[in-house]
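Top to bottom, those sequences are chains A and B. Here the working numbering is used: the first sequence runs in plain steps of one and ends on residue 116. Here the working numbering is used: the second sequence runs in plain steps of one and ends on residue 114.
There could be a bad hint or two in this list.
[Unchecked claim] Counterexamples of contact, computed for chain A against chain B with all Cβ distances above 10 Å:
no. : residue
1   : Lys17
2   : Ser27
3   : Ala31
4   : Leu43
5   : Gly51
6   : Asn52
7   : Pro61
8   : Ser62
9   : Phe65
10  : Ser66
11  : Val74
12  : Thr76
13  : Glu85
14  : Ser95
15  : Gly108
16  : Val115
[Stated by the list, open to error] To give a feel for the contact side, a few chain B residues facing chain A, derived at Cβ under 8 Å:
no. : residue
17  : Tyr39
18  : Leu46
19  : Thr86
20  : Phe90
21  : Thr99
22  : Gln106
These are computed hints drawn from the structure, not numbers from a lab. Note that beta-carbon positions come from the ideal geometry of N, C-alpha and C, so glycine has one too.
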Amino acid sequence: GAGVSQSPSNKVTEKGKDVELRCDPISGHTALYWYRQSLGQGLEFLIYFQGNSAPDKSGLPSDRFSAERTGGSVSTLTIQRTQQEDSAVYLCASSLEGTSGAYEQYFGPGTRLTVT
Amino acid sequence: AQSVSQHNHHVILSEAASLELGCNYSYGGTVNLFWYVQYPGQHLQLLLKYFSGDPLVKGIKGFEAEFIKSKFSFNLRKPSVQWSDTAEYFCAVDGSSNTGKLIFGQGTTLQVKP
Chain A
1 GAGVSQSPSN KVTEKGKDVE LRCDPISGHT ALYWYRQSLG QGLEFLIYFQ
51 GNSAPDKSGL PSDRFSAERT GGSVSTLTIQ RTQQEDSAVY LCASSLEGTS
101 GAYEQYFGPG TRLTVT
Chain B
1 AQSVSQHNHH VILSEAASLE LGCNYSYGGT VNLFWYVQYP GQHLQLLLKY
51 FSGDPLVKGI KGFEAEFIKS KFSFNLRKPS VQWSDTAEYF CAVDGSSNTG
101 KLIFGQGTTL QVKP
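Extracted from the complex, chain B is given alone in its bound form (with noise of 0.2 Å):
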């Protein structure tokens, strides 16, 4: 069965540090990645997604994630990191039976101090 892991179950930064969240998943065939991101008393929305193509991949406010094959990863980045982007962040492979359902890991909680 497909499985994702994040390494990282809580992140404490400074306001400038840079930021990565490591995210592994377990699936050899072709898949479809996701961040996705949950901010204090809001909906779960999507931060970006790797579909085919180039590895490097980026979404909003101005987070990254590279597509490393070989390592089945799918790692989150940015660069310089604000006060807002405290919340939860998820990685997320879609399942492999055609259907599009998201197997989640078990979440990264981000804590940025100002």
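So that you can see chain A by itself, here it is in the shape it has in the complex (with noise of 0.2 Å):
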């Protein structure tokens, strides 16, 4: 079946612009994970969604970061007024469940996010 899909799969934003990343999981898969992989802090964890909730939201940098996620299925990650820092690959993961920890999550392709 179809993997976790992300688009777009590279994204250029000026300083200040908002962006929207959107991350379709796996159907079926109850929890989803946003990620972020970049140069000088390797893989972070940003936030994590059980159905619609998000029971966990500890990794979100800022207030600039907000996610959302409909339907129990796709789900939008938008940075508000891009910094530079804000540049890194940002990945989407989903597995059947997440509360016990004990499914393996399947990555998405991730977002290349460049913000000049």
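Mind docking these for me? Both chains are given alone in their own frames, and the hints should help you get the complex.
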């Protein structure tokens, strides 16, 4: 079946602009995660969704970052007033469920965000 | 807070050499442990995982890892590497907040020379 898909694959934006990144998880996966991969910080957790709710937003770096998930499926990560330090690859992952941590997370190809 | 430490940042080996990548984590409770691999230009994919039971776990492509609870370690091994194993390897532990979120190590870049 289809894996996790993300769009766009690349995004170049000017500092101060807002961006939206999209994630389509594997069908039937109730848990969805956003991570960020950057040179200086490695792979960092951003936010976790179980269904449409986000019980763990502890990784969001500032209030400029927000995410939502609708219909228990597609998720959008929004970054407002982008800064150069937001440049990174944003990865989405999904799994059957998240509460036990006992299910494999399947990762998408990522969105490479460059803020100029 | 949980953390994961990978001691080797960049490893260069010749084909057929043996591989061991170190991974240590800090957390005193029950953990689930993972190794992920990212081949050049590809997605992160799961190499192997430990949840419970036999501390020696086998993964894809001949990789294995041993969970040593007393040492808080989960080292990755392969007896004989191939050029196709050139990739970045990430050790990860699930967060303790019952969300399944992963805490990753900084990654190890493995370069295998043919």
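Evaluation of the provided hints:
The Cβ of Lys17 (chain A) sits about 27 Å from the closest Cβ of chain B, beyond the 10 Å cut-off, so the non-interface label holds. Chain B leaves Ser27 (chain A) outside its interface by the beta-carbon criterion, the shortest separation being 17 Å against a cut-off of 10 Å. A beta-carbon of chain B is positioned within 10 Å of the beta-carbon of Ala31 (chain A); the least distance is around 6 Å. At roughly 4 Å from the closest C-beta of chain B, the C-beta of Leu43 (chain A) falls inside 10 Å, breaking its exclusion from the interface.
A cut-off of 10 Å between C-beta atoms confirms that Gly51 (chain A) is not in contact with chain B; the least separation is 13 Å. For Asn52 (chain A), the condition that its CB be more than 10 Å from all CB atoms of chain B holds, with the nearest at approximately 15 Å. With a minimum CB-CB distance of about 15 Å to chain B, Pro61 (chain A) clears the 10 Å threshold, and the non-interface call stands. At roughly 18 Å, the least C-beta separation between Ser62 (chain A) and chain B is larger than 10 Å, which holds for a residue marked as non-interface.
With a cut of 10 Å on Cβ distances, Phe65 (chain A) stays outside the contact zone with chain B, its closest approach being about 15 Å. The Cβ of Ser66 (chain A) lies farther than 10 Å from every Cβ of chain B, with a closest approach of about 17 Å, so its non-interface assignment holds. Even its closest Cβ contact with chain B, about 18 Å, leaves Val74 (chain A) beyond 10 Å, as expected for a residue assigned away from the interface. Annotated as non-interface, Thr76 (chain A) keeps its C-beta farther than 10 Å from every C-beta of chain B; the closest such distance is 19 Å.
Annotated as non-interface, Glu85 (chain A) keeps its C-beta farther than 10 Å from every C-beta of chain B; the closest such distance is 18 Å. Not every CB of chain B is more than 10 Å from the CB of Ser95 (chain A) (nearest about 6 Å), against its label as outside the interface. A cut-off of 10 Å between C-beta atoms contradicts the statement that Gly108 (chain A) is not in contact with chain B; the least separation is 7 Å. With a least CB separation of 23 Å from chain B, Val115 (chain A) remains clear of the 10 Å interface cut-off, as annotated.
Using the Cβ-Cβ criterion of 8 Å, the hint placing Tyr39 (chain B) at the interface with chain A is not satisfied: the shortest such distance is roughly 12 Å. At a threshold of 8 Å, the smallest CB-CB gap from Leu46 (chain B) to chain A is about 5 Å, leaving the interface hint in force. A least Cβ separation of about 19 Å between Thr86 (chain B) and chain A goes past the 8 Å threshold, and the interface hint is therefore violated. The criterion of a C-beta within 8 Å of any C-beta in chain A is met by Phe90 (chain B), whose closest approach is roughly 6 Å, and the hint holds.
The beta carbon of Thr99 (chain B) comes within 5 Å of a beta carbon in chain A, closer than 8 Å, and the hint placing it at the interface holds. A cut of 8 Å between beta carbons decides the hint on Gln106 (chain B): the least distance to chain A is about 5 Å, and the hint holds.
In terms of the numbered hints stated before, the structure departs from hints 3, 4, 14, 15, 17, 19, listed from lowest to highest.
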